[in-house]
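Undergrad: Here the protein sequences line up with chains Y and U, keeping their order. Per my numbering, residue 1 is the first one in the first sequence, and the count goes up by one each step. Per my numbering, residue 1001 is the first one in the second sequence, and the count goes up by one each step.
Don't take each hint at face value.
Derived Cβ-Cβ restraints for the label pairs, each shown as a range [unchecked claim]:
1. 1037(U) - 138(Y): 40 to 48 Å
2. 1171(U) - 54(Y): 36 to 44 Å
3. 1119(U) - 183(Y): 27 to 35 Å
4. 88(Y) - 1136(U): 52 to 60 Å
5. 3(Y) - 1018(U): 30 to 38 Å
6. 1168(U) - 107(Y): 18 to 26 Å
7. 1015(U) - 142(Y): 53 to 61 Å
Coverage of chain U stretches by chain Y, computed from C-beta distances (three or more under 8 Å per stretch; other residues unrestricted) [stated by the list, open to error]:
8. 1008 to 1019
9. 1026 to 1033
10. 1080 to 1089
11. 1092 to 1103
12. 1153 to 1163
13. 1166 to 1176
Honestly, the hints are just simulated from the structure, not real lab data. Heads up, the beta-carbon is just placed ideally off N, CA and C, and yes, glycines get one too.
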Amino acid sequence: MTPTRWRRWSNAVGIVLAGVALGLGSAWLALKSPLSAPSQMAGAWRTSVLAGSADADLYTRARIAIGALLALSREETLYYIADHDDAGAPLRSACSYHVEGVPPPARWWSITAYADDFFLFPNAARRYSLNGGTARLDGAGRFALRTGPTADAADPTHWLPTPGERGLLLTLRLYNPDPALAAAPGGLVAPRIRRVGDCAR
Amino acid sequence: MSAARWVRRLLLLLAIAAGVHLLMVWALPRVIMHKVLNTTPQELGAQPGSTAQVYFPPMTDATQRRIVMPSPDLLYATCVFDVSARPLRIRADPRLPGYWSVALYGANSDNFFVVNDRQLAGKPLDLVLVGARGAPEGTPLPAAARVVSVPSNRGLVLMRVLVADYAADRAVVEPARRTLSCEALR
């Protein structure tokens, strides 16, 4: 092969490799935040209106596949996810949070704590969620739960253990939501998320 | 080297990058679903009663790390469908007072069909899945079954049974989810 031809070939290979790298890198950047799918906000909680839907665009479908595979469409189930507290600070498993609110308008609901890899926190007590069946309402009809790395014997609030030091996600599921809420998920009276005390080191 | 050649090279690079980008975003959910559809019953931790067609995974806990955001409040039953050769009949009759549903997912991860206990109003679930071209000629379809045309030949059937307290409800919910059957029509 002549030097000129060799140079042309190496240039062509370089362009192809650079294009592939750019394409892969830009796809990774576009999908690295699965929670950024088109969504509506309710307090600190966001919900993707296209989760599980055949109307989902290319990017939404990919983000849902990464962070919420096998989600149901919003007429069947609404999924709200919080990765920040009400003050806007990222949720951390090493911190304790008080979550309280009124039962949402749905046939059944639950709030589950996940690590930032989208899986449950290991804990010997197998406490992963609070749901419409296990929640105890106070005199004002409100439920409450606490997440954090350690139990507080003085606090009788339902505790969800979040061991370790990593990101924390809270997921609120509403099965068979009220049709008005399914049509406008941003109208949810969202549970409040407030950090309590210092974070574990 | 002329400016025109540099522009051509830049355009070629951007075209390749755009193609790879779109291919990645398009393929990702399909690759993830392909992996799910090819997961074996052993990997799912199938419980007694599982068959080659229907799997009954254990109640979800922190050891479940196959599907993201598993719900710890649901008991699942699942089967993979493939209607490329024959339609598939799906039946279930859990007779539970609480929520249960059966959802169908295509090879691209879309939830293209779901039905729950309230919509069935106490009647058993009876579906026949057929491919986009319909059932093969001569295949008798059960008259009582609802025919669902699927967007892809392969996909997933996922039954969800709400369980508020598994220890207390086990004797009721375990037989209930085992009413799910997925049988190829002959």
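Undergrad: List in ascending order the numbers of the hints, as given earlier, that are violated by the structure.
TA: 3, 10 and 13
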